[in-house]
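Could you put the whole structure together from the sequences, leaning on the hints where they help?
So the sequences go chain by chain: A and B.
Under my numbering, think of the first position of the first sequence as 1, with each following residue one higher.
Under my numbering, think of the first position of the second sequence as 249, with each following residue one higher.
Worth flagging that the hints you see were computed from the coordinates, not collected in a lab.
From the three backbone atoms N, C-alpha and C, an ideal C-beta is built for every residue, glycine too.
You can trust all of the hints, since none of them are fake.
Reference excerpt, derived from the structure (chain B facing chain A, CB under 10 Å, subset only): (1) M249; (2) A255; (3) N256; (4) Q516; (5) Q517; (6) G519; (7) L521; (8) G525; (9) S527; (10) V531.
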Amino acid sequence: MLIYGIRSRKRDDRLLQSPSGAAVSVEDVSRCFGTIQALSHVSLNVAPGEVLAVTGRSGSGKSTLLNLIGGLDHPDGGRIRIDGEPVWERPGTGTARRELVGFVFQQHLLMSELNARANVEVPLIGAGIPAGRRRRRALELLDEVDLGDRAEHLPSMLSGGERQRVAVARALANSPRLLLADEPTGALDSLTASAIVELLLRLRDRRGMTVIIVSYDPEVHYRANRTVTLLDGSIARPTVGVDPGGGG
Amino acid sequence: MLAMIAANMLRRRGRTALTALGVAVGVMTVVALLSVTGGLSRSAGDLAKLGRADFGVFQGGLSDLTASSLPDSIVSRVAAQAGVASAVPIQIVPHAIARDSSILVFGANPNGILGRRLVLVSGRLPRGQQLLVGVGAAKQLHAAVGGTITVSGQSFPVAGIYRSGISLEDNGVVLPLAVTQRISGRTGAISMIAVSVAPGYRDVEVERRIERAIPGTLSLGDPSEVARVDTNSRVITKAAIIIAVLALLLGAVVVVNTMAMSVIERRQQFGLLAVVGWSRARVASLILGEAIAVSLVGAAAGLALGALASELVVGALAAGTFVSPAVTMWVLARGVLVGLALGVTGALFSVWRVMQGPTLRAISG
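See the structure below:
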């Protein structure tokens, strides 16, 4: 399927790169769950450093697309490439996911028995980082999301926005090149949601990550470089302006 | 990782306690039964060492060595064999003391070799129809020097209290052989002959020589050999093994069930760990680590309860004379191994579930 998108509001030269230089390349991807066609022949390129918003009605395939890009699921047809490589088709997807991708979900999914610092350390344990370095890194990340003074607090002692910030810090623990956020502001009030969006964009600017956000939030769409709308498993919105990923 | 293991265990205290309980039940049963059967084997082995002999000569083909019956006329034939330094006839009379039927009465010459090998802790060697009582039996019967003990309805004065170091003897009473033959109605019969081997001879060699010279006898010196020959010990040991296996199966079911439930409850957590880049092997090691930690807690409780239970069981069955629970380091080590095996076995199913479960389904709760 051809790629469509709305015009980027903050154009960047990197967004005009060829598909071969794409941070994420979705090539004719389909995914079925039983008789339900969640995605149908979707193609999409996301440039390095781009902030892409994905929207669509409930059941349109947004989260399925995000899960496929992040290697949490496998397509029935087509191919996903990260930095030009079909990493999820190779052995050792755990290592690739750790090094390439950070996830933020609508529900923060923090471990309630661990404090904020320990929650941020969890991905670092998976990477085999020694305890001392883990601790320092987790504290740096909490500082980065303005939660340095909440490091020893349990999730139950934090507000919804603070929990989501901890989840963002956890997603950044292994310095991923790609941040995938599935409705990260969906469970937050508008003020807190705005702060989270601001945080994600700030981190993108600081780290140069590629960010894909599944969201209904108009502010996300407004502030993203590009928005893709999915309808019944296909990209629906007619193109407005240039396709930054150069797909199609 | 250790912090996560500790946090997970403390967070689900009820489930942790239930899992540990399953392990503890298995460990307790194994430790108690191993202790009791070990003690039983040791007691059976004590028979061969009565009178601090090198070996004992018994009637062959019996399932219970305490039922052995030999004519006392063969004592001289045994004594005449090359390599035999001394041959002491002993009669064992069970159930002769009504106050505590587990106490054995030994018929032997208290002033002979047997008596000389007993260490008197109070009193003196007996004369006439006096008896000696072991320290264990004296305690059980509240007997003291100068008092009396009733054997087969007849009172005998206590001349002394001895300690031999052999549990079976220390929990017994020694009367002159002629007296026990009379009160048991088995005149001319003995139960065994305690044989000491002369210097320069090997025990086994002398044992085989006696068996060849006097057909129908059985010479036993090695305690483990006694336990093997004694059918009762074997039956009890086998029964104990069956009970232990059943207890282990029960414990395993509890552990597998609670750990499987735990994994189902924590599916989202494991999914999240996969999402943040934990390999399946590392997730599996977290589950195994928790299982080992819970198992160690359960095993520690099981060891203590097992040691206590073995004493209680023996006490409740009034079997202290025959069985002194042998809670050895090897028994405890086996208890710990059983506990770890239970926990790890229980965790294997959970590990398998986690390894099979797709990440996406887990993370979506």
